[in-house]
Amino acid sequence: TQLLEQSPQFLSIQEGENLTVYCNSSSVFSSLQWYRQEPGEGPVLLVTVVTGGEVKKLKRLTFQFGDARKDSSLHITAAQPGDTGLYLCAETGFQKLVFGTGTRLLVSP
Amino acid sequence: DAGVTQSPTHLIKTRGQHVTLRCSPISGHKSVSWYQQVLGQGPQFIFQYYEKEERGRGNFPDRFSARQFPNYSSELNVNALLLGDSALYLCASSLLLAGGTTQYFGPGTRLTVL
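These protein sequences, in sequence, are chains A and B. Going by our numbering, the first sequence opens with residue 1, and the numbers climb by one from there. Going by our numbering, the second sequence opens with residue 1001, and the numbers climb by one from there.
Source of the hints: derived by calculation from the structure; they are not laboratory data. Just so it is clear, CB atoms sit at the ideal spot from N, CA and C, and this is done for glycine as well. Careful, some of the hints might be misleading.
[Stated by the list, open to error] Label-pair ranges, simulated between beta-carbon atoms:
1. T1101(B) - K70(A): 19 to 29 Å
2. K1030(B) - L3(A): 24 to 34 Å
3. L45(A) - R1067(B): 22 to 32 Å
4. Q9(A) - G1084(B): 17 to 27 Å
5. A1080(B) - D67(A): 45 to 55 Å
6. P1070(B) - G53(A): 38 to 48 Å
7. Q9(A) - G1028(B): 31 to 41 Å
8. G1028(B) - T62(A): 27 to 37 Å
9. G1084(B) - V50(A): 29 to 39 Å
[What the hints assert, rightly or not] Which chain A residues stay away from chain B? Per the calculated CB distances, all over 10 Å, these:
10. E15
11. G16
12. E17
13. L19
14. T20
15. L45
16. T48
17. K57
18. R60
19. D67
20. K70
21. Q80
22. P109
Bound conformation, chain A alone:
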């Protein structure tokens, strides 16, 4: 069974700071997705990465997929309170998503 570990588990920062969260696997990902989940809501897809070494940008968010496709990172530049939430990575299997343990981010004004 694929194990996805995310680090750190919890991050509390001030508005304007930069941060990076990580997602690591015990084996090679087929493809990887990043989600953000806000309290009282379901996860919302941010990005899908497929190719080793791939880099995708979504405004202030930069997603990297490791060359060996066993790890991924999410970097947020100049964090804002609206970035607060639970960040989840997930491997996309044929029938299901296998989620990581999550990183809970709190951005204070």
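Starting from the structure of chain A, add chain B where the hints point.
Showing chain B alone in chain A's frame:
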């Protein structure tokens, strides 16, 4: 367009009882998946249904069952509730069954078992 809807929003049950959770997918989506999210963890896959047939099952006991109706809505049933069943139950819909198809999640049903 309406997103994935789930009902009820919150539910409180006692041990041993039975619960039914409901999900309406996005219009046109034929696949519905159910996930359990225990506090502080990522969601775990329970079931996937496509065209009214079960297409995938996670590592959950037989107390968990589900079905999909002709209009593609779905129910998740849990019998003989245990304290450990307390969680957020998420429903996700997608257009197709194939991997890589984007899944859209509903807001979830928060189940508390006392």
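The hints, checked one at a time:
1. Evaluation of the 19 to 29 Å hint for T1101(B) and K70(A) yields a pass: the beta carbon distance comes to about 23 Å.
2. The hinted range of 24 to 34 Å is satisfied by K1030(B) and L3(A), whose Cβ atoms lie roughly 31 Å apart.
3. Judged by the Cβ atoms, the range 22 to 32 Å given for L45(A) and R1067(B) holds: they are separated by roughly 26 Å.
4. For Q9(A) and G1084(B), the hinted distance range of 17 to 27 Å is satisfied, since their beta carbons lie about 21 Å from each other.
5. Taking the beta carbon of each, A1080(B) and D67(A) are about 48 Å apart, inside 45 to 55 Å as hinted.
6. Distance hint check for P1070(B) and G53(A): the Cβ-Cβ separation is about 45 Å, which falls inside the suggested range of 38 to 48 Å.
7. At about 38 Å, the CB distance of Q9(A) to G1028(B) agrees with the hint of 31 to 41 Å.
8. At about 33 Å, the beta-carbon gap between G1028(B) and T62(A) stays in the expected band of 27 to 37 Å.
9. A beta carbon spacing of about 36 Å between G1084(B) and V50(A) agrees with the range 29 to 39 Å that was offered as a hint.
10. Every beta carbon of chain B lies more than 10 Å from that of E15(A), the smallest distance being close to 25 Å; the non-interface claim holds.
11. With a closest Cβ-Cβ approach of about 28 Å to chain B, G16(A) is found to remain outside the 10 Å limit, as its non-interface label requires.
12. E17(A), annotated as away from the interface, keeps every beta carbon of chain B farther than 10 Å; the closest lies near 24 Å.
13. For L19(A), the shortest C-beta to C-beta distance to chain B comes to about 19 Å, beyond the 10 Å cut-off, and the non-interface label holds.
14. Under the 10 Å C-beta cut-off, the non-interface status given to T20(A) relative to chain B holds; the minimum distance is some 19 Å.
15. For L45(A), the shortest C-beta to C-beta distance to chain B comes to about 6 Å, within the 10 Å cut-off, and the non-interface label is violated.
16. T48(A), annotated as away from the interface, has a beta carbon of chain B within 10 Å; the closest lies near 7 Å.
17. Residue placement check: K57(A) keeps its beta carbon more than 10 Å from all beta carbons of chain B (closest about 19 Å).
18. Even its closest Cβ contact with chain B, about 22 Å, leaves R60(A) beyond 10 Å, as expected for a residue assigned away from the interface.
19. Residue placement check: D67(A) keeps its beta carbon more than 10 Å from all beta carbons of chain B (closest about 21 Å).
20. Listed as outside the interface, K70(A) is consistent with that label: its C-beta sits roughly 18 Å from the nearest C-beta of chain B, beyond the 10 Å cut-off.
21. Q80(A), annotated as away from the interface, keeps every beta carbon of chain B farther than 10 Å; the closest lies near 23 Å.
22. Once the 10 Å rule is applied to beta carbons, P109(A) is consistent with being away from chain B; the minimum gap is 25 Å.
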